[in-house]
Amino acid sequence: QVTLKESGPGMLQPSKTLSLTCSFSGFSLSTSGMVVSWIRQPSGKSLEWLAAIDWDGDKYYNPSLKSRLTVSKDTSNTQVFLKITSVDTADTATYYCARSPEASNSGYPIFDYWGQGVMVTVSS
Amino acid sequence: DIQMTQSPASLSASLEEIVTITCQASQDIGNWLAWYQQKPGKSPQLLIYGATSLADGVPSRFSGSRSGTQYSLKISRLQVEDIGIYYCLQAYSAPLTFGSGTKLEIK
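Protein chains in written order, with this note's numbering: chain A, 37 to 160; chain W, 16 to 122.
Don't read these hints as lab results, they were simulated from the structure.
Heads up, some of the hints might be wrong.
[As the list claims (entries may be wrong)] Mimicking DSS-like on lysine-lysine, the simulated pairs with C-alpha atoms at most 25 Å apart in a straight line are:
{"#": "1", "chain 1": "A", "residue 1": "Lys81", "chain 2": "A", "residue 2": "Lys109"}
{"#": "2", "chain 1": "A", "residue 1": "Lys41", "chain 2": "A", "residue 2": "Lys95"}
{"#": "3", "chain 1": "A", "residue 1": "Lys41", "chain 2": "A", "residue 2": "Lys119"}
{"#": "4", "chain 1": "W", "residue 1": "Lys57", "chain 2": "A", "residue 2": "Lys81"}
{"#": "5", "chain 1": "W", "residue 1": "Lys57", "chain 2": "W", "residue 2": "Lys118"}
{"#": "6", "chain 1": "W", "residue 1": "Lys54", "chain 2": "W", "residue 2": "Lys122"}
{"#": "7", "chain 1": "A", "residue 1": "Lys109", "chain 2": "A", "residue 2": "Lys52"}
{"#": "8", "chain 1": "A", "residue 1": "Lys119", "chain 2": "A", "residue 2": "Lys52"}
{"#": "9", "chain 1": "A", "residue 1": "Lys95", "chain 2": "W", "residue 2": "Lys122"}
{"#": "10", "chain 1": "A", "residue 1": "Lys109", "chain 2": "A", "residue 2": "Lys41"}
{"#": "11", "chain 1": "W", "residue 1": "Lys118", "chain 2": "W", "residue 2": "Lys89"}
{"#": "12", "chain 1": "A", "residue 1": "Lys52", "chain 2": "A", "residue 2": "Lys102"}
{"#": "13", "chain 1": "W", "residue 1": "Lys89", "chain 2": "A", "residue 2": "Lys109"}
{"#": "14", "chain 1": "W", "residue 1": "Lys89", "chain 2": "W", "residue 2": "Lys57"}
{"#": "15", "chain 1": "A", "residue 1": "Lys52", "chain 2": "A", "residue 2": "Lys41"}
{"#": "16", "chain 1": "A", "residue 1": "Lys41", "chain 2": "W", "residue 2": "Lys122"}
{"#": "17", "chain 1": "W", "residue 1": "Lys57", "chain 2": "W", "residue 2": "Lys122"}
{"#": "18", "chain 1": "A", "residue 1": "Lys41", "chain 2": "W", "residue 2": "Lys89"}
{"#": "19", "chain 1": "W", "residue 1": "Lys89", "chain 2": "W", "residue 2": "Lys122"}
{"#": "20", "chain 1": "W", "residue 1": "Lys54", "chain 2": "A", "residue 2": "Lys81"}
{"#": "21", "chain 1": "W", "residue 1": "Lys122", "chain 2": "A", "residue 2": "Lys81"}
{"#": "22", "chain 1": "W", "residue 1": "Lys89", "chain 2": "W", "residue 2": "Lys54"}
{"#": "23", "chain 1": "A", "residue 1": "Lys119", "chain 2": "W", "residue 2": "Lys118"}
{"#": "24", "chain 1": "A", "residue 1": "Lys102", "chain 2": "A", "residue 2": "Lys119"}
[Claimed, not checked] Some chain W residues well away from chain A (every beta-carbon gap over 10 Å; in silico):
{"#": "25", "residue": "Asp16"}
{"#": "26", "residue": "Gln18"}
{"#": "27", "residue": "Thr20"}
{"#": "28", "residue": "Arg92"}
{"#": "29", "residue": "Gly99"}
{"#": "30", "residue": "Leu111"}
{"#": "31", "residue": "Ser115"}
Quick caveat: nothing in here was measured; it's all calculated off a predicted structure.
We treat Cβ as the ideally placed atom computed from N, Cα and C, and that holds for glycine.
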């Protein structure tokens, strides 16, 4: 059974660094082709892809936020982390992690499992 | 960045009706297109990937199609449990980009 769960501070002040953790089970990030991504959604708005890390340790970032983002994973391949520096109110959102397994002949089942999301509020 | 223009923004339809939602990509993305359903207070759920492949466990009344750079999600017989917001996603190139969403309601 595949599960993902995000955790984070809930609320933090502007200019601080946001640290998020995605803990997962039912699959390993060491499996060839596996990718875990971070996506966020401000209340009432659409989704924004932020960053991803793959089974080989390669990292991918949204250029619009790249200078502020760092994605990493633990050595046991059961957790992925995201840090966002210098947060401001525009970073207030629900943050999701989601996995994507390797593409098959029928296509790429991107974001086939999602976590429940963690709400983060940036406020002074 | 590749822009995904999704329409309509909202849609009200009757039970058993056929519903179609479209996304227009700003450039060729091949079949690197997915559709998601998000129910209130929940995470998005994958419906369609590879433009036309049905994700595991998704009812067969959902289907996806492609015509050039226009992609469509069709619900063949609308059910009460289909209400929610639907999003398309292009997975052709980074940054991955979502459509603006279509809110589906029952008339």
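Going through the hints against the structure:
1. Between A:Lys81 and A:Lys109 the CA atoms are separated by roughly 28 Å; this puts the pair beyond 25 Å, and the hint is violated.
2. The suggested pairing of A:Lys41 with A:Lys95 holds, with an alpha-carbon distance near 20 Å, which does not exceed 25 Å.
3. Proximity of A:Lys41 to A:Lys119 is assessed by CA-CA distance (about 16 Å); at most 25 Å being required, the pair is judged to hold.
4. In summary, the hint linking W:Lys57 to A:Lys81 is supported, as the alpha carbons are separated by about 14 Å, within the 25 Å threshold.
5. Of the supplied pair hints, the one linking W:Lys57 and W:Lys118 holds, its CA atoms being roughly 14 Å apart against a limit of 25 Å.
6. Restraint check for W:Lys54 and W:Lys122: the C-alpha separation of about 17 Å stays at or below 25 Å, so the hint holds.
7. Distance hint between A:Lys109 and A:Lys52 is fulfilled; the C-alpha atoms sit about 21 Å from each other, no more than 25 Å.
8. For the suggested pair A:Lys119 and A:Lys52, the alpha carbons sit about 10 Å apart, so the restraint of at most 25 Å is met.
9. Our distance criterion of 25 Å between C-alpha atoms is broken by A:Lys95 and W:Lys122, whose separation comes to about 45 Å.
10. Only pairs whose Cα atoms come within 25 Å are accepted, and A:Lys109 paired with A:Lys41 is accepted, the gap being roughly 14 Å.
11. Under the criterion of a C-alpha separation no larger than 25 Å, the hint pairing W:Lys118 with W:Lys89 is consistent with the structure, at around 14 Å.
12. Between A:Lys52 and A:Lys102 the CA atoms are separated by roughly 17 Å; this keeps the pair inside 25 Å, and the hint holds.
13. The hinted pair formed by W:Lys89 and A:Lys109 fails the criterion: a straight-line CA distance of about 38 Å is larger than 25 Å.
14. For the proposed pair W:Lys89 and W:Lys57, the alpha carbon gap of about 22 Å is at most 25 Å, so the pair holds.
15. A hinted pair counts as satisfied when its Cα atoms are at most 25 Å apart, and A:Lys52 with A:Lys41 qualifies at roughly 23 Å.
16. Distance restraint check for A:Lys41 and W:Lys122: the Cα-Cα separation of roughly 35 Å exceeds the 25 Å cut-off, and the hinted pair is therefore not satisfied.
17. As the CA atoms of W:Lys57 and W:Lys122 are separated by approximately 22 Å, the hinted pair is consistent with the 25 Å bound.
18. A hinted pair counts as satisfied when its Cα atoms are at most 25 Å apart, and A:Lys41 with W:Lys89 does not qualify at roughly 31 Å.
19. Proximity of W:Lys89 to W:Lys122 is assessed by CA-CA distance (about 17 Å); at most 25 Å being required, the pair is judged to hold.
20. For the given pair, W:Lys54 sits about 14 Å from A:Lys81 by alpha-carbon distance, which is consistent with the 25 Å threshold.
21. A hinted pair counts as satisfied when its Cα atoms are at most 25 Å apart, and W:Lys122 with A:Lys81 qualifies at roughly 23 Å.
22. For the hint pairing W:Lys89 with W:Lys54, the CA-to-CA distance comes to about 17 Å; that is within 25 Å, so the pair holds.
23. Proposed proximity of A:Lys119 and W:Lys118 is contradicted: the alpha carbons are some 32 Å apart, above 25 Å.
24. Annotation: proposed proximity of A:Lys102 to A:Lys119 holds, straight-line Cα distance about 11 Å (limit 25 Å).
25. With a closest Cβ-Cβ approach of about 8 Å to chain A, W:Asp16 is found to fall inside the 10 Å limit, against its non-interface label.
26. For W:Gln18, the non-interface assignment is confirmed: its Cβ lies about 12 Å from the closest Cβ of chain A, beyond the 10 Å cut-off.
27. Interface exclusion of W:Thr20 from chain A stands, the closest Cβ pair being 12 Å apart, more than 10 Å.
28. Here W:Arg92 stays apart from chain A, with its beta-carbon at least about 24 Å from theirs, past the 10 Å limit.
29. Every CB of chain A is more than 10 Å from the CB of W:Gly99 (nearest about 13 Å), matching its label as outside the interface.
30. Against the 10 Å criterion, W:Leu111 falls within the reach of chain A, whose nearest CB is about 4 Å from its own CB.
31. Its closest Cβ contact with chain A, about 5 Å, brings W:Ser115 to no more than 10 Å, contrary to its assignment away from the interface.
This entry does not satisfy hints 1, 9, 13, 16, 18, 23, 25, 30, 31, going by the numbered hints stated previously.
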